[in-house]
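K.L.:
The chain contents come next:
There are 2 protein chains.
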Amino acid sequence: MRESKMSSENRYIEDLTVGERWVSEPVVVSADDITQFGRLYDPQPFHVDSELAAQGPFGGLIASGWHLAAIAMRLSVEARSFGGTPIIGAGVDELRWLQPVRPGDVVTLEREFIEITPPRSNRDRGTVRSRMTMRNQRNEPVMTLQAIGKIPTRPQ
Amino acid sequence: MRESKMSSENRYIEDLTVGERWVSEPVVVSADDITQFGRLYDPQPFHVDSELAAQGPFGGLIASGWHLAAIAMRLSVEARSFGGTPIIGAGVDELRWLQPVRPGDVVTLEREFIEITPPRSNRDRGTVRSRMTMRNQRNEPVMTLQAIGKIPTRPQ
Chain A
679 MRESKMSSEN
689 RYIEDLTVGE
699 RWVSEPVVVS
709 ADDITQFGRL
719 YDPQPFHVDS
729 ELAAQGPFGG
739 LIASGWHLAA
749 IAMRLSVEAR
759 SFGGTPIIGA
769 GVDELRWLQP
779 VRPGDVVTLE
789 REFIEITPPR
799 SNRDRGTVRS
809 RMTMRNQRNE
819 PVMTLQAIGK
829 IPTRPQ
Chain B
679 MRESKMSSEN
689 RYIEDLTVGE
699 RWVSEPVVVS
709 ADDITQFGRL
719 YDPQPFHVDS
729 ELAAQGPFGG
739 LIASGWHLAA
749 IAMRLSVEAR
759 SFGGTPIIGA
769 GVDELRWLQP
779 VRPGDVVTLE
789 REFIEITPPR
799 SNRDRGTVRS
809 RMTMRNQRNE
819 PVMTLQAIGK
829 IPTRPQ
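Protein chains in written order, with the numbering used here: chain A, 679 to 834; chain B, 679 to 834.
Only true hints are included.
Same chains, same label: a pair holds when it works inside one copy or across any pair of copies.
Okay, derived cross-link-like pairs now, SDA-like style, lysine to any residue, Cα gap no bigger than 20 Å in a straight line:
#: 1; residue 1: K828; residue 2: D771
#: 2; residue 1: K828; residue 2: Q733
#: 3; residue 1: K828; residue 2: V755
#: 4; residue 1: K828; residue 2: L776
#: 5; residue 1: K828; residue 2: E772
#: 6; residue 1: K828; residue 2: D693
#: 7; residue 1: K828; residue 2: P721
#: 8; residue 1: K828; residue 2: Q722
#: 9; residue 1: K828; residue 2: P778
#: 10; residue 1: K828; residue 2: R774
#: 11; residue 1: K828; residue 2: R758
#: 12; residue 1: K828; residue 2: G738
#: 13; residue 1: K828; residue 2: G761
#: 14; residue 1: K828; residue 2: P797
#: 15; residue 1: K828; residue 2: F736
#: 16; residue 1: K828; residue 2: Q777
Quick caveat, the hints were computed from the structure, so don't treat them as lab data.
Using the sequences and the hints given, assemble the complete structure.
P.N.:
Structure follows, in C-alpha cells:
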C-alpha cells in the first residue's frame, strides 16, 4: 500500500495509483457541531435538541449522517492530496451509516483508490473511485462509501 | 401515482405504498448559502470565493454536491411526510451530481417510494427505498439518489 504525500504539488490522474491510501487526522465531533448542522439541514429532534434526543430512539444527540459525509469531504479537501487540483465529485455509491456518532466522539477518515479510469480520448478528466471509511475512537466503522471523482489530466 | 399527505399524523411502515410520490416546495440556493456550506465542509475555491471561482473550472461559484444532499435532507424532514416518526437513514445508493447549481438557482426535490421491505420478525423497523431527484428551475435534474430509510412499525 502506498501512502499519499501531503503536498502542495498539483497531482493529476496520471499520478495516481490503485491501492494508494491515506488516513486523516482525528476530528472531534462536538454537540455544537451536531446541532448547528442539524438546525440547518436535518432538523430532527435527535440532531438538534439534547433533551428531546434523550427520550428519542438513540437515547441522546447523534450527528446527522449527512453531517458525517460533509466532514469526510472537508477532511478530503484539507488533506490536499491533489495539491491545488480541484476535487470534482461525480457521485457516490454504497454510502452506509453503520453506527451513531455522539457528542465528543473522535472520527478519522481512511481513503483508498480502488479504481482509476483514464479519460476518454476527447475528455480532459479521468475518474477515480475511492473507498472511504470513517471510524470512531473505538476503531468501529461509522460510515463507509465509494466516492467517484473527476480528476484532470496533466496539462501539456 | 399517489401523492403523500402533508400531515402531522404519524405514519409507519405499514402505511406506505410503492409509487407514493411527493414534490417539495421550490428553494432558492443563494451565494451566501453556497459559501457558508463551502467554508464549513467543502473549502474549495469554486464553493467559497466568487472571484477565484470565476477563473475556475465552472466559471463561477457552484454549490457543493454535499450541500445539495443536505438541502434534500432538509426538504424531506420539513415535509413531515411521516408526521413525527423519525427518518433514520441507513444509506444511499447511486448518488449522482449531474449539473452545477449556481447562486440564485431554484431547486425542487421529487421523491418516490420504489421498494418497501417489512421488518424481519424480530425487528421493529422496516426499510423504505426512495428515488430522489433534485431539479433546477429549467427542470433539469441536478442530482439523483436512492435513499434507504428505516421506518418503524405501528406501535401495538
